[in-house]
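Residue-level listing of the chains:
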Amino acid sequence: MTDLASHLPVIVILLPLLAAYLTPVFGYKWKGSCVPVALAALSLNVIFSYLLILQVMEHGPIHYYMGGLPPPWGIELVVDYLAAYLCVIISFVTLMDAIFSKDFILRTLGERRRVYYYTLFLLLTGGLLGASCTGDLFNLFVCFEVIAISSYALVGIAGDGKGVLGAYKYLFIGAIGSSLMLLGIGHLYINTGTLNMADMVVRLVPIYISGAILAGLSLCVVGFSIKGGLFPLHIWMPDAYAGAPATVPVLSTLVIKVGALALIRLLFCVFRPPFITEVIPVTTLLTWLASAAIIICSIIAISQQDIRRMLAYSSAANIGYVFLGIGIATPLGLEGGMLHMLNHSFTKACLFMAVGAIISMTGIYNIRDFGGLSKRMPITMGAFTLAAFSMVGIPPTCGFMSKFFIAHAAIMSGTWIFAVVLLVSSLLNAIYFLRVVNTAYFGHPCDELKRNEAPLSMLVPMVIMAIGCVLLGVCVEVPLAVLRPAAQLLLGV
Amino acid sequence: MIIPDPGFLLTHYNYWTSVLLVMIGLYAMLAKKNLIKKFIGLNIIDTATFLFYISMGDVEGGVSPIIAHGAGHGAEGVVYINPLPSVLILTAIVVALATTALALALAIRVYEHYGTLDADKLAEML
Chain A
1 MTDLASHLPV IVILLPLLAA YLTPVFGYKW KGSCVPVALA ALSLNVIFSY
51 LLILQVMEHG PIHYYMGGLP PPWGIELVVD YLAAYLCVII SFVTLMDAIF
101 SKDFILRTLG ERRRVYYYTL FLLLTGGLLG ASCTGDLFNL FVCFEVIAIS
151 SYALVGIAGD GKGVLGAYKY LFIGAIGSSL MLLGIGHLYI NTGTLNMADM
201 VVRLVPIYIS GAILAGLSLC VVGFSIKGGL FPLHIWMPDA YAGAPATVPV
251 LSTLVIKVGA LALIRLLFCV FRPPFITEVI PVTTLLTWLA SAAIIICSII
301 AISQQDIRRM LAYSSAANIG YVFLGIGIAT PLGLEGGMLH MLNHSFTKAC
351 LFMAVGAIIS MTGIYNIRDF GGLSKRMPIT MGAFTLAAFS MVGIPPTCGF
401 MSKFFIAHAA IMSGTWIFAV VLLVSSLLNA IYFLRVVNTA YFGHPCDELK
451 RNEAPLSMLV PMVIMAIGCV LLGVCVEVPL AVLRPAAQLL LGV
Chain B
1 MIIPDPGFLL THYNYWTSVL LVMIGLYAML AKKNLIKKFI GLNIIDTATF
51 LFYISMGDVE GGVSPIIAHG AGHGAEGVVY INPLPSVLIL TAIVVALATT
101 ALALALAIRV YEHYGTLDAD KLAEML
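If you're matching them up, the sequences are chains A and B in order. For what it's worth, this note's numbering labels the leading residue of the first sequence as 1, then goes sequentially. For what it's worth, this note's numbering labels the leading residue of the second sequence as 1, then goes sequentially.
It should be emphasised that the hints constitute simulated quantities derived from the structure, not laboratory data. Where is the CB? At the ideal position from N, CA and C, for every residue including glycine. Mixed in with the good hints there might be a few duds.
What the hints assert, rightly or not - Not everything, but these chain B residues come out facing chain A in the computed CB check (under 8 Å): (1) 91; (2) 107; (3) 109.
What the hints assert, rightly or not - Taking lysine-lysine and the DSBU-like style, the derived pairs with C-alpha atoms no more than 30 Å apart in a straight line are: (4) A:102 with B:38; (5) A:162 with B:33; (6) B:38 with A:162; (7) A:375 with A:102; (8) A:375 with A:450; (9) A:162 with A:102; (10) A:31 with A:102; (11) A:29 with A:102; (12) A:162 with A:31; (13) B:121 with A:162; (14) B:121 with B:38; (15) B:121 with B:37; (16) B:121 with B:32; (17) B:37 with A:162; (18) A:31 with A:375.
To be verified - Not the full set, but computed from the structure, chain B residues with beta-carbon under 8 Å of chain A: (19) 12; (20) 35; (21) 42; (22) 46; (23) 54; (24) 56; (25) 88; (26) 93; (27) 98; (28) 102; (29) 106; (30) 113; (31) 114; (32) 115.
Excised from the complex, chain A in its bound form (with noise of 0.2 Å):
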C-alpha cells in the first residue's frame, strides 16, 4: 500500500488516458462497454485524488520524479495544496459529467459515436490533471495541447454546422494562444536553461529586467489567457458552448480553471510575487480586464435569447471572478479566487446539465420558449433554480461565499471599486438568471402541460450538482482548510 501511495500522482494522471485507449478497443466490439471503462476509471480517480488531496494535506506539497530521474534532467509532477485540489475537483465533476452523459449522447449522437465520445472525454480529463500536476514548463505546454485538441474534437463531435463552426473557431483561437504559449517558454527557457519551474525561479532573478524575459512572460501571460477564457479573448466561449452537446460546456468550465491555474504556477511560481505585483503590474492589468469581463459579459449575456450562449457569456464573467482574485494577490484574493473555481464548477456544471436535460426531453433552448417548463419537468427546473441562485450570490449558495471573500479582500486591499464592480455584477446576474426562473415558473404554457421529466441517470448527477452548490455554501471551512496554506504557499508568506 505505502508503494502505491508514492505513486499516487502518476497513478491519478495516467488511469484515465488508460482507459482512453481501453474504450475504443472494447468499443470496437462491444458498444456498450465504453460506459462501464469510463466510469470505473474516473470512480477510482475520485478515490485516489481523494487520497491525494489527504497525502498533500498531511505531508505538504508532493514532488513526483517521472521515471526516478530527478528534476533539471527529468521530468517533475509537483503536486502542491492547489493542484491537489483542482484533482479532487476535475475528477468529481468528470465523473458526474460521466454519468449525465450516459444516457445524454445516446440520445444526442448515437451508439457508435458514443465511443469517440467517451474515448476523447477521458484523454481530456487525463489533460486536465497533467496540466493541473506538472512541474515542468515544456509538459505543461504538451498537457494544453491534449486537452485542447480533444475539447476541439468534442465540440465538434455532433457533426452538424453549428457544432463544426463553433470547434473550427475554438481550434482557430485555441491554436493561437498554444503558439504563443510555445513561443514565450522558449523565451523562458533560452534565457534560463531549464523548464523545470522550481529551478527557473531561481535562475530568473538575477537578469528578471531583460526584454527577452519580458516578452517570454507577456507571451504566457496571453497564451494562458486564451485557454482562460479571460476577456477579450474569451470570444471563442459563446460559439463552441452553443454548438457542443450541453455535457462539453461542462468540461469546458475545468478547462478555463486549468488554464487560471497555469497562470497562477507562471505568475506565482515562476515568477514571484514582489515582481509581479510591483516591478511589472501583471496583477494589476489581471484585475482591470477581470472588471472588464465581470460587466461587460453580464450585459451581453443579458441580450442573449439562446440560454446555452447565455451560459456560456456567463462562464466568461465568472472567470473574471476567478482571475480578480488572482490579481488582487493578497491571501484573502487567492482564497476567494480559487474558492470560486471549485464553486463555479459544480454551479456551472449543475446549470448546463439542467440545460442538457431540457434540450434532450423537450428541444428547448430559447428561453421565450421556456413557459410551463417547471410543471413538464420539475425536479430539473429545480436544480436549476438552485444553481441560478449560486449563481447570483444568495446566501447561502456557494455562488455568495467566493463573491464575498473576493469583495471583501478588494476592500481590504483598498481597491473597493473591483466590490463595487461585484455588488453590480450580482445586479445583472440576477437580471439575467431570474428571467430564466420567472419564465420557467411563471412565464404562460406553451402548449402540453404533461410530465416529461430526464431518466435517472441524467437527474442523479444534476441533483447531487445542486446539493453540493449549498452544501459547499454551507460549510465553507472545508476546500478553506486546503486553499490557506495554498495561498500562503503561492504568496511566500
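Given the structure of chain A, go ahead and fit chain B onto it with the hints provided.
Leaving out everything else, chain B in the frame of chain A:
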C-alpha cells in the same frame, strides 16, 4: 535605445527570420478570408517557433551529442549541441500536425454544411 552592431544582427539572422515568419503568419491569419488560408498562416507561425527553438539549441561547430564508441564521458575538445530543444520540437511538430489534421477535417465539414469557406460569409450565416 541601444543599437546593436550590424555584425550581431547578421550572425543572428535565423532569429530575425523567425520574427519575420511570425509576422507573415499573423498577417495571413488576420487578412485572409479563406479558413484554410488562415490556418496556413497559423502553420507559418508554428514553423517560426520551430526555427526559434532549433536555433537556440545550436552551437557553432557543435556535433550531435552522441558519445563515440570507445570515447569516455566528455571527450576533450568536443563541443556538443544542446539536444533538448530538438526533442521538444519533435513533440511540438506532432502537436502541430494533429491540430492541422483536425482543422482540415473540420474545414471539410464546414464546407459540406455551408458550401463556403469564406469567413465573412460564414459569419453572416451564423
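A quick look at each hint next to the structure:
no., hint, in the structure
1, 91, "6 Å, holds"
2, 107, "7 Å, holds"
3, 109, "4 Å, holds"
4, A:102 with B:38, "37 Å, violated"
5, A:162 with B:33, "19 Å, holds"
6, B:38 with A:162, "19 Å, holds"
7, A:375 with A:102, "25 Å, holds"
8, A:375 with A:450, "8 Å, holds"
9, A:162 with A:102, "23 Å, holds"
10, A:31 with A:102, "12 Å, holds"
11, A:29 with A:102, "18 Å, holds"
12, A:162 with A:31, "27 Å, holds"
13, B:121 with A:162, "14 Å, holds"
14, B:121 with B:38, "15 Å, holds"
15, B:121 with B:37, "15 Å, holds"
16, B:121 with B:32, "13 Å, holds"
17, B:37 with A:162, "21 Å, holds"
18, A:31 with A:375, "35 Å, violated"
19, 12, "12 Å, violated"
20, 35, "7 Å, holds"
21, 42, "5 Å, holds"
22, 46, "6 Å, holds"
23, 54, "10 Å, violated"
24, 56, "5 Å, holds"
25, 88, "6 Å, holds"
26, 93, "11 Å, violated"
27, 98, "5 Å, holds"
28, 102, "6 Å, holds"
29, 106, "5 Å, holds"
30, 113, "4 Å, holds"
31, 114, "6 Å, holds"
32, 115, "10 Å, violated"
Comparing the model with each earlier hint shows violations of hints 4, 18, 19, 23, 26 and 32; every other hint is respected.
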